[in-house]
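Asker: Chains Y and R are the protein sequences, given in the same order.
First residue of the first sequence? That's 1 in the working numbering, and the numbers climb one at a time after it.
First residue of the second sequence? That's 1 in the working numbering, and the numbers climb one at a time after it.
Since the hints were made in silico from the structure, they are not lab data.
We put the beta carbon where it would ideally sit given N, CA and C, even for glycine.
Be aware that a few hints might be false.
What the hints assert, rightly or not - Beyond 12 Å from chain R on every Cβ pair, some chain Y residues (computed): (1) M1; (2) H59; (3) S96; (4) R131; (5) G138; (6) H195; (7) E200.
Stated by the list, open to error - When the alpha-carbon atoms are kept at most 30 Å apart in a straight line, the in silico DSSO-like pairs for lysine-lysine are as follows: (8) R:K527 - Y:K110; (9) R:K320 - R:K208; (10) R:K527 - Y:K134.
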Amino acid sequence: MRKTRGDNTRKVRVEIPLFEVLPASFTAIVGSNGSGKSTLLDILGLILSADHADEFLLHTDRTIRLDRLAGREKIHLRRNYISYVLQTGGLLEFLSIRQNISFAARLRNKSPETIHQVAEQLGIADILDKRPGKVSGGQRQKAAIARALVQEAPIILADEPTSALDTESAKELMATFRRLTDKTGSSLIMVTHDHDLARERADIIYRFRTEMVDEKMLSSILLPDPSLSSENV
Amino acid sequence: MKKCSPLFCYQTPASLQKMFKGTVGFFRDCTHIIALVFADLRFEWILSLCMVLSLGAVFAPLFILLGLQEGIIGNMLDKLQRDPVSRLVEPKWEGPLDDAWLASLREQSGALIESPTAFLLLDVEGTNDPVNVLPTNRNDPILKENGIDLADWKRSVVLSTPLARSAGKRTGDDFNLTLVRSAGKEERIPLQMKVAGIIPITTSQDTKVWLDTELFRLIHQWRRGGAVPELGLAGGGAVLEPEYDGIITLLEKVPSDAEYRTMIGRGMSFSQLPQPFDLSLWGYVAEQQARLWKPINSRVFEQNFKSLISRHHEVGYSVKTLPYFDDFKVDLRSDGKNISLTLASLLPKEETESTGSTDSVQHVWIAQDEKIFFPYPKADMSFSTATHGEKITIPVRVHPSAKVPSGYIAADPRFAGKMNAAHRQGAVYDQQAGEFRPIEQGVRFFRAYAKSIDDLESLVEFIRAEGVLRSSEALQEPVSRVAEVRDIRRLAGYMEKLYLLILSVSGVSGFFVILASVYAGIQRKRKDIAYLALFGLHPLTLILFPFFKSLVLVSAALGGSLAAYGIFGYWANRIFSDVLGNAISLTRLNGQQVILLVAAVYITASLASLIAAVAVTRIEPGEYIRE
Numbered sequence: 001m002r003k004t005r006g007d008n009t010r011k012v013r014v015e016i017p018l019f020e021v022l023p024a025s026f027t028a029i030v031g032s033n034g035s036g037k038s039t040l041l042d043i044l045g046l047i048l049s050a051d052h053a054d055e056f057l058l059h060t061d062r063t064i065r066l067d068r069l070a071g072r073e074k075i076h077l078r079r080n081y082i083s084y085v086l087q088t089g090g091l092l093e094f095l096s097i098r099q100n101i102s103f104a105a106r107l108r109n110k111s112p113e114t115i116h117q118v119a120e121q122l123g124i125a126d127i128l129d130k131r132p133g134k135v136s137g138g139q140r141q142k143a144a145i146a147r148a149l150v151q152e153a154p155i156i157l158a159d160e161p162t163s164a165l166d167t168e169s170a171k172e173l174m175a176t177f178r179r180l181t182d183k184t185g186s187s188l189i190m191v192t193h194d195h196d197l198a199r200e201r202a203d204i205i206y207r208f209r210t211e212m213v214d215e216k217m218l219s220s221i222l223l224p225d226p227s228l229s230s231e232n233v
Numbered sequence: 001m002k003k004c005s006p007l008f009c010y011q012t013p014a015s016l017q018k019m020f021k022g023t024v025g026f027f028r029d030c031t032h033i034i035a036l037v038f039a040d041l042r043f044e045w046i047l048s049l050c051m052v053l054s055l056g057a058v059f060a061p062l063f064i065l066l067g068l069q070e071g072i073i074g075n076m077l078d079k080l081q082r083d084p085v086s087r088l089v090e091p092k093w094e095g096p097l098d099d100a101w102l103a104s105l106r107e108q109s110g111a112l113i114e115s116p117t118a119f120l121l122l123d124v125e126g127t128n129d130p131v132n133v134l135p136t137n138r139n140d141p142i143l144k145e146n147g148i149d150l151a152d153w154k155r156s157v158v159l160s161t162p163l164a165r166s167a168g169k170r171t172g173d174d175f176n177l178t179l180v181r182s183a184g185k186e187e188r189i190p191l192q193m194k195v196a197g198i199i200p201i202t203t204s205q206d207t208k209v210w211l212d213t214e215l216f217r218l219i220h221q222w223r224r225g226g227a228v229p230e231l232g233l234a235g236g237g238a239v240l241e242p243e244y245d246g247i248i249t250l251l252e253k254v255p256s257d258a259e260y261r262t263m264i265g266r267g268m269s270f271s272q273l274p275q276p277f278d279l280s281l282w283g284y285v286a287e288q289q290a291r292l293w294k295p296i297n298s299r300v301f302e303q304n305f306k307s308l309i310s311r312h313h314e315v316g317y318s319v320k321t322l323p324y325f326d327d328f329k330v331d332l333r334s335d336g337k338n339i340s341l342t343l344a345s346l347l348p349k350e351e352t353e354s355t356g357s358t359d360s361v362q363h364v365w366i367a368q369d370e371k372i373f374f375p376y377p378k379a380d381m382s383f384s385t386a387t388h389g390e391k392i393t394i395p396v397r398v399h400p401s402a403k404v405p406s407g408y409i410a411a412d413p414r415f416a417g418k419m420n421a422a423h424r425q426g427a428v429y430d431q432q433a434g435e436f437r438p439i440e441q442g443v444r445f446f447r448a449y450a451k452s453i454d455d456l457e458s459l460v461e462f463i464r465a466e467g468v469l470r471s472s473e474a475l476q477e478p479v480s481r482v483a484e485v486r487d488i489r490r491l492a493g494y495m496e497k498l499y500l501l502i503l504s505v506s507g508v509s510g511f512f513v514i515l516a517s518v519y520a521g522i523q524r525k526r527k528d529i530a531y532l533a534l535f536g537l538h539p540l541t542l543i544l545f546p547f548f549k550s551l552v553l554v555s556a557a558l559g560g561s562l563a564a565y566g567i568f569g570y571w572a573n574r575i576f577s578d579v580l581g582n583a584i585s586l587t588r589l590n591g592q593q594v595i596l597l598v599a600a601v602y603i604t605a606s607l608a609s610l611i612a613a614v615a616v617t618r619i620e621p622g623e624y625i626r627e
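Take these sequences, add in the hints, and give me the full structure.
Answerer: Right, here's the structure in full:
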């Protein structure tokens, strides 16, 4: 799969020779800034199309060719299969955190009854009735994680979900996140620049290897990271 | 699965199920969106309030202006509709009416007062001058509007306010009428009546009396010499009374216009200033200035001469009077020779009295040069009657006179007046008595009321068409307020156009205000919209977010505008209560108008919101979710 992004001054050509995500697994994608991590996540989230894809498949009870989907089918998959955890939280400012979570749950016809339980586990139960603008960046990220968990989506795409936390808190949050996704059976795909955090919790790590093709073009290829610790496999 | 043939196309149940699920899903998403809209409006309540106020500032003037337009014009039209005089149509002409035409007129009219003549002049208490007596009946809207009932038609009288004031009468008081006729000898019959009601000054400013049409007809019959057993009145040898078309006054010094107005203001049969009249052809000395008094839509009787002289005396002028006739053609025929002349009675009195004749033959005077071509001392004078076009022939003695201009024929003023009455009403000439005997008259005059002011124009046109057939151009146009009604309708039309212009300008402004605000709102909310797209909401559903939000704001602005309209109406009515009174509102909107205006606002707002909301579909979630 290939995708080129950027403007006339700088372009990044993202190439993905092989990328595979197993059910109920934790896949981490690491890479430097501008290497194409978010581009890959957007392609996986079906909000961005690849320029070319030999195969881009989703195996459910049938195999779906994602690169050939019409817009309407992409929307359907996005709604029923994918949850997004954004670096900024991605919460609606005009809803309270509880309303943000319950709204997302209702959209997926999931009961919002588990909100409090998940919030307890993530340590945000006391801020549920606050608006996103009134809580810290870390709490917003935890709220976004809670929202993704309550949605019980088969695929959770997380874009630097711990960027607003210190290392210890990030480790602790990732442990909880992993534990809860194991419980829901969701596949977690996380992009991060924190290689250590990825190595600690991920089942498989992919890394973007970058090199300048010329002055304006950066080539970024996604490859499996051989440094993955065996105990996580 | 879908199977199609050229004639039939049907869908399998599975497809229907899918469509049903899709529809249910769409409506469920709509409920989510509506919940989000209200949450967002609550969150941004200050911004929402500002938006409501700015939209209200566009909508409220539309309601207020429409309310004012409807109120002002509506009040004017209501006033016209309520005032029966606005619906009244009277012809300027008088004459026998065809039964079929009268039946058609009855059908077209809301109420019709039929009578043998337009009015009677009777002596009444409370004024020295004879007053106009008009026919009326129970269906007369003037009576109905004022709650007056002619319970006893023989004894009931209705007075105008000026007459009631001068006579000091109220409803229920006795009121005396005096019937006068002079067929050889003068007879005066007092009639004691009861005041059945008083017509308000707003309806009639003149000194007038109304009697039931039947009583009116009987008095008219008596005045013409007939017997009226219903009132216990005997006949008196029915003869026609002289009628004139105007009065010429001769004065050494002419009163000023202000003095003339004073005279008119004191009440008489004339309502417009007299015009200079040239009598030089008739040999009157230049020191004597002549003025012609002509009534509008009326005739002149002998009593009017007296009251005109009195009015001049009251302002310090001495005046002589002469009768005036409109173009009245008569034929003189003798020995097979026939000449056509115009009747006038402008010879000095001493000239017409100088015949010394005592027989009943009438005397006429023609110009001396005319006498050369018509040298006969005896001739037959004839003229046609307006009634049925029949001719009346009178044997006359013809005298030459140096004072009669060529083309004219002069006669005794009183006899000429009777000829004029016969000319109008139709009559039989009794040569022995030297009098005109009236012939039976049917309906010769009417007052018609249109069913509503909307029907006024057609009724006027119907009566005008008859006037064209039977009278001179000056008398063709009936008396009515059609011009006033037309003016108000025209004004209503102009105001409506003006309002539509304002509405169009406001509509365009409102359209762009809404378009811009929705578009700005989308730009401001693009991150939130990108998140919603990320949740898997369809772009067509996402359009509903700014669209519904805009409609909620428009609804609130409309509610505020209606409230502003109500408050404006309340205060305007309080401020102008002195002018309007308590029963009339300066502003007026009915349910249909409100619904139409609200619908127009919603359509404009929906269109503007929808066009702007389409911008939502251009938001790429990937571009904004990381902002």
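Asker: Does the claim that H59 of chain Y lies outside the interface with chain R hold up, using a Cβ gap greater than 12 Å?
Answerer: Holds: least Cβ distance 20 Å, greater than 12 Å.
Asker: What's the verdict on K527 of chain R and K134 of chain Y, does the C-alpha distance respect the 30 Å limit or exceed it?
Answerer: It holds: about 18 Å lies between the C-alpha atoms, which stays within 30 Å.
Asker: Is it the case that E200 of chain Y keeps its Cβ farther than 12 Å from each residue Cβ in chain R?
Answerer: holds, 25 Å
Asker: Hint check: K320 of chain R vs K208 of chain R, CA-CA at most 30 Å. Holds or violated?
Answerer: holds, 28 Å
Asker: Quick one: work out the minimum CB distance from H195 of chain Y to chain R and report holds if it exceeds 12 Å, violated otherwise.
Answerer: The assertion about H195 of chain Y holds, with a minimum of 21 Å to chain R.
Asker: Taking 12 Å as the cut and beta carbons as the points, is R131 of chain Y off the interface with chain R?
Answerer: violated, 8 Å
Asker: Beyond 12 Å from every Cβ of chain R: is that where the Cβ of S96 of chain Y lies?
Answerer: violated, 9 Å
Asker: Is it correct that the beta-carbon of M1 of chain Y has no partner in chain R closer than or equal to 12 Å?
Answerer: At roughly 16 Å from the nearest Cβ of chain R, M1 of chain Y sits farther out than 12 Å, so the non-interface label holds.
Asker: Is K527 of chain R within 30 Å of K110 of chain Y, Cα to Cα?
Answerer: holds, 24 Å
Asker: Grab the minimum beta-carbon distance between G138 of chain Y and chain R and tell me whether it stays above 12 Å.
Answerer: Label holds. Min Cβ-Cβ 17 Å, cutoff 12 Å.
Hints 3, 4 from the list above are not met by this structure, while the remaining hints are.
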